[in-house]
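All chains should be built: construct the whole structure from the sequences, respecting the hints.
Number of protein chains: 2
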Amino acid sequence: MLTRSPYEPLTPTTMPARLGGLPEMTRRLGPSAEWRVREVGDGNLNLVFIVEGPAGSLVVKQALPYARVVGESWPMSLDRAYFEHEASMRLGARDPGRMPHMHLFDREQAVQIMEHLTPHIILRRGLIDGTRYPMLGGHLGRYLARTLFRGSDWSMETARRKADVALFAGNVELCGITEDLFFTDPFHDCVRNRHNPLLDRDVIELRGDRALKLAALRMKTRFCTSAQTLLHGDLHTGSIMVSAEDSRVIDAEFATYGPIGFDIGSLLANLWMACLAQGALRPSDDEATSYRGWILALAETVWKVFVAEFTHLWLTERSGILGGRELLEHQDDAEGAALALNALLDEIWRDTIGFAGIEMHRRVVGLAHIAEFEAIADEELRAGCERRALRLGRALAVEPERFSDIADVSALVAELAGRDR
Amino acid sequence: MLTRSPYEPLTPTTMPARLGGLPEMTRRLGPSAEWRVREVGDGNLNLVFIVEGPAGSLVVKQALPYARVVGESWPMSLDRAYFEHEASMRLGARDPGRMPHMHLFDREQAVQIMEHLTPHIILRRGLIDGTRYPMLGGHLGRYLARTLFRGSDWSMETARRKADVALFAGNVELCGITEDLFFTDPFHDCVRNRHNPLLDRDVIELRGDRALKLAALRMKTRFCTSAQTLLHGDLHTGSIMVSAEDSRVIDAEFATYGPIGFDIGSLLANLWMACLAQGALRPSDDEATSYRGWILALAETVWKVFVAEFTHLWLTERSGILGGRELLEHQDDAEGAALALNALLDEIWRDTIGFAGIEMHRRVVGLAHIAEFEAIADEELRAGCERRALRLGRALAVEPERFSDIADVSALVAELAGRDR
Chain B
1 MLTRSPYEPL TPTTMPARLG GLPEMTRRLG PSAEWRVREV GDGNLNLVFI
51 VEGPAGSLVV KQALPYARVV GESWPMSLDR AYFEHEASMR LGARDPGRMP
101 HMHLFDREQA VQIMEHLTPH IILRRGLIDG TRYPMLGGHL GRYLARTLFR
151 GSDWSMETAR RKADVALFAG NVELCGITED LFFTDPFHDC VRNRHNPLLD
201 RDVIELRGDR ALKLAALRMK TRFCTSAQTL LHGDLHTGSI MVSAEDSRVI
251 DAEFATYGPI GFDIGSLLAN LWMACLAQGA LRPSDDEATS YRGWILALAE
301 TVWKVFVAEF THLWLTERSG ILGGRELLEH QDDAEGAALA LNALLDEIWR
351 DTIGFAGIEM HRRVVGLAHI AEFEAIADEE LRAGCERRAL RLGRALAVEP
401 ERFSDIADVS ALVAELAGRD R
Chain X
1 MLTRSPYEPL TPTTMPARLG GLPEMTRRLG PSAEWRVREV GDGNLNLVFI
51 VEGPAGSLVV KQALPYARVV GESWPMSLDR AYFEHEASMR LGARDPGRMP
101 HMHLFDREQA VQIMEHLTPH IILRRGLIDG TRYPMLGGHL GRYLARTLFR
151 GSDWSMETAR RKADVALFAG NVELCGITED LFFTDPFHDC VRNRHNPLLD
201 RDVIELRGDR ALKLAALRMK TRFCTSAQTL LHGDLHTGSI MVSAEDSRVI
251 DAEFATYGPI GFDIGSLLAN LWMACLAQGA LRPSDDEATS YRGWILALAE
301 TVWKVFVAEF THLWLTERSG ILGGRELLEH QDDAEGAALA LNALLDEIWR
351 DTIGFAGIEM HRRVVGLAHI AEFEAIADEE LRAGCERRAL RLGRALAVEP
401 ERFSDIADVS ALVAELAGRD R
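From first to last, the protein sequence lines are chains B and X.
Counting in full-length UniProt numbering, the first sequence runs from 1 upward without gaps.
Counting in full-length UniProt numbering, the second sequence runs from 1 upward without gaps.
Everything labelled a hint here was simulated from the structure, so no lab data went into it.
All C-beta atoms, glycine included, are put in the ideal place defined by N, C-alpha and C.
Be aware that a few hints might be false.
Said to hold, decoys possible - Far from chain B, some chain X residues (derived; all Cβ distances over 10 Å):
hint, residue
1, 53
2, 179
3, 411
Unchecked claim - Computed footprint of chain B on chain X; a stretch qualifies when at least three of its residues, placed anywhere within it, have a C-beta under 8 Å from a C-beta of chain B:
hint, stretch
4, 126-134
5, 159-170
Claimed, not checked - Residues on chain B that point at chain X, a partial pick, calculated with CB under 10 Å:
hint, residue
6, 169
7, 175
8, 217
9, 220
10, 322
11, 333
12, 339
13, 349
What follows is the structure, encoded as structure tokens:
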């Protein structure tokens, strides 16, 4: 039904006629004559529709042949829907329940029909509103450990992993966006960049900061050459939907094989930036301090649960060719196995803070900014927050040896945020 | 002609009838009735024929559906001929003149028809004979720099590099042999291993050496996850053919994307092991010392020419996405570019000695041993050489910080070799 015609973007008006014959839709929604369709896409790339009917609701996501955030002048392959679907199937299976359920994928139309998450909102919105999510840290820490461990050569049958490396090596276009937007654009005068004019001097300083630029290149090299595991590839707080009791990860179209620390660093960077915005977002210092403390604790929980779950998986599911059981446990050397795990966790931590530091720069001086800062009406206040994000980001990227533990980062975030009004 | 029948191993008897209709053969050899065919394969995996006719000679290499070194009990896919051919085309183009010229490839018969290198011999044979090759160090250093740089994201258009990553991710079977035989088998009690019985105590010690086993796992992780460039994948002195003036690299069937230091470390390890065999191979101490000195100088030349050529390519051909010109040269920071290069060369050096250390272990206690040691008839003398190779290998793999420069390795090789009679 969906594929009989060549690719054409859906609209609320054409959707009942175009998708009304799909049993995957009518079974869950009721007859198409009674559908109500809203386009709700607020992301940078795609059309997203919520379709409601008498029997329920669904989300229909369709890729556009260009980047929505820029327009038709930035053409973009529809294949990204295919890679998103392939990645979502894998990530969803590696940590069941954390991705929306997928009902149907049509490659030619670049359409995914999936579960409508309700009453969920985007986590970034929740962090602006000041909502607390008691389950979130555990959910995200386990999601990171399970998806990142289970897509690697520590866990997978290596022929399957190599086939996946090959498959996702095809996601060149979206991977290229990450390569440019994270690691290159913010550090030179690129037409895609934008920044708060009050930061003009900071940006000049940044562009002359050799140590920072070498760190950006170092992390780009890690990203491009270290094929440790299947990454979500864009795991910021806008790619997570939350309700009081549930947490879901969406938008995996940037998936690629890369270093474990990339997803973790992206997420933690966005939590730490949210901390830096609180002073400007809350009516009172007490509220700001209290909520900032909650986000800092959330970030620590994410990391600590990640470490605990990764350790558990290392001990119980280390069946891949990098497991090394023949060399360690099978020679009665459990302590050696613990040392190997610690060395790996150290490397993941260094990558995590390196990637977090880079993420902060692109969110202040690159193309894609964050709603927490954009929501600050006062330009001076906003510049202060952004400047502190740059300071934090530089410390993480250039002086990783200052942060042997996540508590060291929390302390610096709290110190910087203490100056935020 | 070649593909009309299903796969069948060639023999000297059937070759004229089966290949006599190929213009690629008759043009270079003359009519098939006058061919003389010898099977000369001394490698571990394939049939290799030299075919001579009135007009010239050719080599015909055909994969067998099993590992020749073990027999039909170790089945192996014929696809390795395809990967060898694909790799040879690329490596040959990246450093023209260092691979034999390929005339024809037939995938179904797993046959490659290529230039007959004459009067070349295998380098390992030359190192046993004590021959000096004045051009060799320059040839190999440039080969390493050119092939390893030009297959990477420092040089290639990234979509092409990602397509090659995907292609060679399919070489699972031969890559798996490397993963097992280099990094795992030697460090546990594996049925494929063999060693000189006089080393029984050393092997027990080795198997209990936690630091060594952790180093092996660390280097295996580098090999499996660090997709820096297209490697030859088996670059020892048995994969190099030499004449007085020419040097060629053969047998690229183990090609895979991996860390730059792997090929370099494999090669240097084999040169250093050849040094350790000299005392037992030469009739006089003077001859042994002198020829050992030549091999040590050769290894230093290989590394230094590699560094010089890699530096030249870095400065002149750094067109890939990891080049970072936008961040450095384009912002008038040539010194920053030099620092980035130095950091990369440091990493390559650490990888190089790490892989060299692992290679030495597998050549003494794993499946595939080296002719330099095997040629030593006296078991005690041979055990002494092998033991020194293990000592050197352990130092390189476990204490890399001892070797800031290749001269530090030369000094240790010379010191160990000084005790070799």
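The hints, checked one at a time:
Every beta carbon of chain B lies more than 10 Å from that of residue 53(X), the smallest distance being close to 42 Å; the non-interface claim holds. The Cβ of residue 179(X) sits about 5 Å from the closest Cβ of chain B, inside the 10 Å cut-off, so the non-interface label is violated. Non-interface call for residue 411(X) relative to chain B: holds, since the shortest CB-CB distance, roughly 29 Å, exceeds 10 Å. With 0 residues having a beta carbon nearer than 8 Å to a beta carbon of chain B, the stretch 126-134 of chain X misses the requirement of three or more and the stated coverage is violated.
Requiring three or more residues with a Cβ within less than 8 Å of a Cβ of chain B, the coverage given for the stretch 159-170 of chain X holds, as 8 such residues are present. Annotation: residue 169(B) was flagged as interfacial toward chain X, and the flag holds, the nearest CB pair being 4 Å apart, inside 10 Å. With a cut of 10 Å, the hint placing residue 175(B) at the interface with chain X holds, because the nearest CB-to-CB distance is about 8 Å. Below 10 Å, beta-carbon pairs count as interface contacts, and residue 217(B) has one with chain X at about 4 Å; its hint therefore holds.
Taking 10 Å as the C-beta cut-off, the interface hint given for residue 220(B) holds, the closest approach to chain X being about 6 Å. For the restraint placing residue 322(B) at the interface with chain X, the shortest Cβ-Cβ distance is roughly 5 Å, inside the 10 Å limit, so the hint holds. The restraint placing residue 333(B) at the interface with chain X holds, with a minimum CB-CB distance near 6 Å, inside the 10 Å limit. Given the 10 Å rule on beta carbons, the hint for residue 339(B) holds: about 6 Å separates it from the nearest Cβ of chain X.
For the restraint placing residue 349(B) at the interface with chain X, the shortest Cβ-Cβ distance is roughly 16 Å, beyond the 10 Å limit, so the hint is violated.
In this structure, the earlier hints numbered 2, 4, 13 are contradicted, and the remaining ones agree with it.
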